[in-house]
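S.K.: Sequence:
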Amino acid sequence: MPADRTLIGASAPRASARRTVEGLGRYTDDLDAAGAAHVAFLRSPHAHARILATELDEARAAPGVTGVYTAQHLAAVCGPWQTRLAALPRHVSPPQQALAGEIVRYQGEPVVAVLAESRRAAESALELAWVEFEDLDPAILPPDIFEPGFDPAAWEPQQALDRSIAYGDAAAALAGAAHVVRHRFSFGRQTAVSLEGRAVDAGFDRRTGRLTVHQSHQAPFQMQQIYADLFGLPLGRVQVIAPDVGGAFGGKLHALPDEIAAVALAVLTGRRVKFTADRLESFLADAHAREAQAEARLGVDAEGRILGLEIEFAAGLGAYSIYPRGSVGDALQAIQLAPAAYRVPHYAARARAWFQNKAPVGAYRGVGQPIAFAIMEQMLDMAAAACGLDPAEMRRRNYRAAPETPGPTETGVVLESLTTRACLDMLLAEMDYAGLRAEQAALRAEGVYRASASPPSSSSPAWARSSTGRAGARGRTGNLPVEPGAGRQPHLPHLRHRPGPGHAGRPRADRGRNPRRGAGGGGDDRGGHRRHPSGFFNHLSSGEADLGIYFDGRTWNHYDSGAEWIDFINPEEGGSLNGVAVQIPKNADRWPGTT
41 MPADRTLIGA SAPRASARRT VEGLGRYTDD LDAAGAAHVA FLRSPHAHAR
91 ILATELDEAR AAPGVTGVYT AQHLAAVCGP WQTRLAALPR HVSPPQQALA
141 GEIVRYQGEP VVAVLAESRR AAESALELAW VEFEDLDPAI LPPDIFEPGF
191 DPAAWEPQQA LDRSIAYGDA AAALAGAAHV VRHRFSFGRQ TAVSLEGRAV
241 DAGFDRRTGR LTVHQSHQAP FQMQQIYADL FGLPLGRVQV IAPDVGGAFG
291 GKLHALPDEI AAVALAVLTG RRVKFTADRL ESFLADAHAR EAQAEARLGV
341 DAEGRILGLE IEFAAGLGAY SIYPRGSVGD ALQAIQLAPA AYRVPHYAAR
391 ARAWFQNKAP VGAYRGVGQP IAFAIMEQML DMAAAACGLD PAEMRRRNYR
441 AAPETPGPTE TGVVLESLTT RACLDMLLAE MDYAGLRAEQ AALRAEGVYR
491 ASASPPSSSS PAWARSSTGR AGARGRTGNL PVEPGAGRQP HLPHLRHRPG
541 PGHAGRPRAD RGRNPRRGAG GGGDDRGGHR RHPSGFFNHL SSGEADLGIY
591 FDGRTWNHYD SGAEWIDFIN PEEGGSLNGV AVQIPKNADR WPGTT
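In the working numbering, the protein residues as written are 41 to 635.
Warning: the hint list may mix true and false statements.
[What the hints assert, rightly or not] Restraint ranges, calculated between C-beta atoms of paired labels, are given here:
#1 Gly141 / Cys463: 52 to 60 angstroms
#2 Asp175 / Ala206: 40 to 48 angstroms
#3 Leu64 / Pro385: 54 to 62 angstroms
#4 Ala441 / Pro197: 31 to 39 angstroms
#5 Gln199 / Pro85: 26 to 34 angstroms
#6 Gly216 / Gly141: 27 to 35 angstroms
Keep in mind the hints are simulated off the structure, nothing from the lab.
Note that CB positions come from ideal geometry on N, CA and C, so glycine has one too.
Generate coordinates for the entire structure from the input sequences, incorporating the hints supplied.
M.R.: In structure tokens:
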């Protein structure tokens, strides 16, 4: 590509756009259902209850039904799982099962599974299933956490997180401030509401012991490891394929119990099993997000420059910490990112989180970032009003200066080079700012509110905190050693299928890799299992016939030439592949399970 051309920031056609708008997309639910059984779930109508009895004979006798299953049935092939985070060893979730056993802990938790020849038959049979529940008192997020009389000891049994960040002396800075503003925030629960609901199509071949799962998911390699662990299968005998994904937004980064139950039924019965969540199920049982309360205090001097900031943050996680990445992302990210764009010389923040009888909280659109920026930007607007400053000028006076970046902030956020002041000045010069301010005032009288904000953005921090407890590929800047993990299987659990606009491909194309690929679209190939944001794992080849590794999203092929290390070189660049040297240890030979 000519040196004076770049694809970064340029308009590029999306490779998949024509195919999808013409109705030619291939989603999990589009797979031919011939011969498949369909599963529907009886879900708990209670937030917290004990299961006293079940009566399922009528449901079993319903037309088209092939089986009705409870937790006791699935226990034969799938045990419970528990979220543990490597970076937070004290954060331990209660064990969770594919179907609730003795206790249900949130409304929408699956209790009974009906397998039938059609989804309609399965849902009709659910009307005949009877479960007796005994209501139990539900746990909720402490309602008075910011009040003087709050007793943390009373809520300790359900507390899941208590993390603080502090530098400088925020209390002293606030005490000496010319203006101190204070605000209490409340954030309601949200969920992704993707156009395509969560979907699983699973088949288990009892003769070969191979499990094949088509799933609408963002992290098929993560799910491959999870299914291998839960069902006691070698990793090489589990294949997870993510076809086109009709929206995800982080909500399809998790392993949810109804999805695991569908796969467990395939393993238990030997039949192909399909499950697609309908809209009501999605509202009840998809990953929720952002339920939180916060209280912030910001102190500034007479000229509007920030002196200190304090934040108390409280989050409700749900009944379990969502598997495997955990539910603490909103809380941790909120207190870490709040001051990122601004010079805050003194800062103290505390994030606490509690389990409660609601659906588990997970990832959704920039975990923690919207909350962090809502807090910080609201506080700046309030401080600007207290100082009599224009909101834009308030931000200009407090932006981090360009010489301070790139590098980590005091809270550990790594920033690239910032030109926020120059960008703000350019923006104000190009727009009719005075006119917009007048329009803002007029709209406010009509109940429409507009404001300015400067939110820095990060991506995919969850992988650093999550762990499935398996060895696998390890990454470093500049080099990525690929090492056999448990069972000598190469494993990259955090490479994600990203159904977005394909921005990650443009730097790759700029660096010399085939510019006709990777510049647009949601990924490099149509098969969703072949798309990863890192890009350089899609197809690695040394260009030599006698050594190389090829990764097609399903299997690894490795041929050892006898060299101590095999470096994969891009022949077109005469250097490392996209700037990354990929090495294979000589004793890897050919990893089992590859074809």
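S.K.: Run the structure past the numbered hints and jot down the numbers of the failing ones, going up.
M.R.: Those not satisfied are hints 4, 6.
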